[in-house]
Each structure stands twice: as structure tokens, then as C-alpha cells.
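K.L.:
Protein chains in written order, with the UniProt record's numbering: chain D, 1 to 332; chain X, 1 to 228.
Just so you know, the hints here were simulated from the structure itself, not pulled from any lab data. Hints may be right or wrong, so weigh each one.
What the hints assert, rightly or not - Pair ranges (Cβ atoms, derived): (1) X:THR98 x D:LYS244: 45 to 53 angstroms; (2) X:GLN226 x D:GLU122: 20 to 28 angstroms; (3) X:ARG92 x D:TYR125: 31 to 39 angstroms; (4) D:LYS244 x X:ILE135: 27 to 35 angstroms; (5) X:ILE135 x D:ASP304: 42 to 50 angstroms; (6) D:ALA300 x X:ASN82: 40 to 48 angstroms; (7) D:GLU122 x X:GLU151: 28 to 36 angstroms; (8) D:PRO119 x X:ARG222: 29 to 37 angstroms; (9) D:ALA198 x X:ILE9: 54 to 62 angstroms.
Stated by the list, open to error - Negatives, chain X to chain D, calculated, CB over 10 angstroms: (10) SER11; (11) PRO101; (12) MET168; (13) ALA208; (14) LEU223.
Cβ atoms here follow ideal geometry from the backbone N, Cα and C, with glycine treated the same way.
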Amino acid sequence: MNKLQKLLKEKGILLADGATGTNLIPMGLDSGQAPEAWNFDHVDRIQKLHQSFIDAGSDILVTNSFGGTARRLHLHDLHDRVVEINKAAAEIAGDLVAKSGREIVIAGSVGPTGDLLVPLGELTYEGAVEAFEEQMTGLKQGGADLAWIETMSSPEEIDAAIEAANNVGLDYVVTASFDTAGNTMMGLTPTAFAQQMAGKNPRPQAFGSNCGVGASDLLVAAIDMVANADGIPVVAKANAGIPKIAGDQVVYSGSPELMGDYAKLAMNLGVSIIGGCCGNSPAHVKAMADALRTHNGGDAPTADEIIEVLGPLVSPKSTKTSDRSSRRRRRG
Amino acid sequence: MADEEDDIILSELDDEELSEQMQDDLYDGLKEEIEEGVNIFLERGWAPYDILTKVLVKGMKTVGDDFRDGILFVPEVLLAANAMKAGMHILRPLLTETGAPKMGKMVVGTVKGDIHDIGKNLVGMMMEGAGFEVIDLGINTDVDQFLTAIEEHKPDILGMSALLTTTMTYMKVVIETLKEKGIRDELIVLVGGAPLNEEFGEAIGADAYCKDAAVAVETAKRLITQQA
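One chain only, chain D, in its complex shape:
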């Protein structure tokens, strides 16, 4: 039994952490700068962020390696240091976990390559596997407990990342972003994603959703994922509302209290791993921790009940039909 399974068995529900990128901006990350560079340049700031989540009660720390594939690091001229950067990301989190004296999962963040796969784009499936493998090799060397594959939208890219995790010998979790009319931007539905995950061998340690367009949209997508999870734990890491700009700073509309309510709803839905993505500060995570600790559970909410508490959907499922009236015979 690995650490995540053990913790899930002990606690039933786990608290993940909050945002990385949006929390690094007030710490001095300039617009367009690679957060991953801070695994060398500002280790203290990454430590500070991780420690604040440990203090808030997180059972899972997601490493500062989201953009850690060569394909993304190329822009910052860091593509020759992929293994080193990811290893450092896992080590920074690992050191703090060791000092905490608690059992905390070190989840090696793996974000999308940013490229479209063939035939829509230039990146081959093999090329994607290779890129993820390189990143995951570093994460494993640094002591990550698993690959935390997140913010995904393309089913093929998800397959590639899973193949890489298997090749490297890491357990894995996958979360997708359902930000476009209830689907991912590539048209993957929550149900189809759940079915894709249930069909994997080995199966993911957990799967679910992160980021996207707001807490309501994410939890509504989670309804379909829980229904089709076939026993696999479901993850919810929602944004704290939507971003607004105040002066030169980006602030998110969702308060810690709102995210506390979100955590309770997620728990009632049957979600097993609850945390936040963009806009979630340590205070938001603390609010989720408090909410989960004092909450005794309740009936699974419907979509309408979620919307009533957390606000309207930003990108609801389509209710329209195509105007393609002159639909003729489709050719070969």
C-alpha cells in the first residue's frame, strides 16, 4: 500500500493544497517568468509556500514543477535542466515533509506540454511520452511519491503522460480541466474521462478535476465523475472563483469562506481528495481544513444546489443545437 492509499484508508478524505503560480506572484514572480526557475533561484520562497500549506493541514503537497517538461522550459532556456529542475522540486517538498513529522504525499506536478498532438498539431504521441518521461524521471529521483498529472484537456496527451508514469515506475493521479461548456476544451466529457481512467491498467491512484473556470463548474463536473469512478478516488481542486485585477495584482473572487462551503459540498458529493487550484491562498486551504474537520457529511448535492451555494456556472453545458440545417450526406 502506498502513502496515498494508506492516508485515504486512515482518514477517508484528504486535504490537498492550494495554488502555486498565483501565490508566487505576490512573492515576486514577474509576469512571464518560469515558476520552476525558483527551485534554484528562490528555494526559500517555494519552501515558504509549501510550509504554509503543511501548516494549513494539507495531506498532499503538489510540487513546483507544473511547467517542467522540456517543451515548456525551452522558452526560458531551461530545457537542458529538466531532470535537475524536477528533482529539485520534489526534494524541496520532501525535505519539508520529513521535517513536519507528518505523513504527507509528495505529488510531482506534471502539466500539459502546451502543444497539440498529431494530427491537430506537431507533437507526436511518442514525443509527448518522451517529454513526460524526462520530467517524471527527475520527480522520481527527487523522491516524489507519485506523478500528479494536472490541468489536462486532451485524452491522447493524458494517455501519453500515463504511459510515461508507467515507464518511469511512478504511481499517478490525473486531473483534467472542464472549462468549456462542461467539457475540456478538447471536448472530453467528465464521464468519458472517468471511463478512460477506469479502463487503465494500472489504474490511477485517483482522478478528477482541477483549475478551469470556478468552483461551481468543477463540482458539477465532479457529479459525473463520481458516478462513473468505479471505486477510484475522485479529486477536486477548484479555483477560488475567477480572477480580477486590482492595481497590478491578480485577485480571485472566491473568499476562504466560499472555499470552505465548496469543501463541504465536495465531501457530500463523494469526492475523496479536496483542495484548491488558482487563487487559493493558504488561508483558503485552512478554511477548507476547518470545514472538513467540523463537517458531518450530508446528502450529495444536485447541480442546482451546488450553484445555489457557490454561484452560477461560468461555462454551462450547451443547450443549443447546431444550425447546420442543410446537413447533407457526409462523405467518406
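Got chain D sorted already, so can you dock chain X onto it with the hints?
P.N.:
Just chain X now, kept in the frame of chain D:
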């Protein structure tokens, strides 16, 4: 597909049927059929501008509407836009020769620090499909590159895209610089990208936030008409 359904011979269709079939083929992203259809219309003596507006733009409008309405998603729209692009490839030199009217000119780029260009590319293709001239600056575009391109191309519209919470604020940097240079009001500034929203676009001083490429086309058309 049944055999008989594969039997459509484009050149045997009358103009109206061919136009409808091509709009349908565009929807299905059938690039070669679009090329064939464009050539047939040219052989029949259609003006390049009519092929563009009455067939291709009309077809892309349906694709755009269904994208906006959450019926189609990025993969289908990319295939359709690629088919459109193949048709445009044939038409573009002819449109220039015949001096066909243009909707306007757009400079577009993904901002500094960001490599995400899927949405930006779609905007470029759909804008071109709607009759705009598009100058694409690619990814990781800094303020100097935007300024140089604006000076060189004198666009009506500046489009900026960002997909990361760590890069979206750079749009504000660009807009502030345009203001400092006193050229902000000469341009329609459109912004887009997954983490953005309308209020954000407004707060950074853009003319509009466009939630997807279809909305970008609609907004560009609307604002350019207002300006004229």
C-alpha cells in the same frame, strides 16, 4: 459510410448544391474537398471574393456559432479552420489581384512568457476566414515586438492571448505602454485566454474580452463597424 454516400462528385453539383456541400465539408474539416470545391467555383467563373464570402465565410460562421455554443470543441474547429486555410491558400493571391475589399487588419500574439497558442491560432484562422488580414507574431511576444509590428503593419486590431495566471497580467503592461506612446486609441484591443473574463479585460483597459475565436470574430466585426 455507405458506398452511395461516397459517390458525390463535386463537379456535378450545381452552384447552390456545391456551396451547401462545401459548407458541410468545411464543418467536417475535409481539406481536400474544400480545395477541389474552390477550384471548381473558380473554373465556373466565380469571383474569388464571392467564393470567400458566400461559401467559406458562411460555412465558418456555422462552425464558429457551434464552437461558441459548446457544440463543437477545439479539435473539430481546428480541422475546419485548416480546411478553410487550404481554401484561402488558393484564394489569397487572387483576392489581392482583384483588389477585393478587406474587413480590416489584425496583429495577434501570445504574450511574453507564454507558449500557449492553440486559441490564438484559432483566432488567426477564423479572423482570416472572416475576411480580415492577420499578422501573427507567434508566442512569447514582448511589448517591443507588439510595438514594432503595430508600427510596421498599422493594424486596426491588436489581439493578445495568455493561458497562464502568471502571464495574463502582461497584457496590462502592453496596454499601458500603448497609452504611454499615445497610440492606444488608434487600436481596437481584444484579449482572450482561459483564465481571463470580461471584467478582467475591462480592468486592464482592453476594448473587449473574447471568450473564444468565434466571439473574437463577432466582436472584431462589431467594433470595426462602430469605428467606421
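K.L.:
So, for every hint listed, does it hold in this structure?
P.N.:
We went through each hint and held it up to the structure:
no.	hint	verdict
1	X:THR98 x D:LYS244: 45 to 53 angstroms	holds, 48 angstroms
2	X:GLN226 x D:GLU122: 20 to 28 angstroms	violated, 38 angstroms
3	X:ARG92 x D:TYR125: 31 to 39 angstroms	holds, 33 angstroms
4	D:LYS244 x X:ILE135: 27 to 35 angstroms	holds, 31 angstroms
5	X:ILE135 x D:ASP304: 42 to 50 angstroms	holds, 46 angstroms
6	D:ALA300 x X:ASN82: 40 to 48 angstroms	holds, 43 angstroms
7	D:GLU122 x X:GLU151: 28 to 36 angstroms	holds, 31 angstroms
8	D:PRO119 x X:ARG222: 29 to 37 angstroms	holds, 34 angstroms
9	D:ALA198 x X:ILE9: 54 to 62 angstroms	violated, 46 angstroms
10	SER11	holds, 14 angstroms
11	PRO101	holds, 26 angstroms
12	MET168	violated, 7 angstroms
13	ALA208	holds, 15 angstroms
14	LEU223	holds, 21 angstroms
Checked against the numbered hints above, the structure breaks hints 2, 9 and 12 and satisfies the rest.
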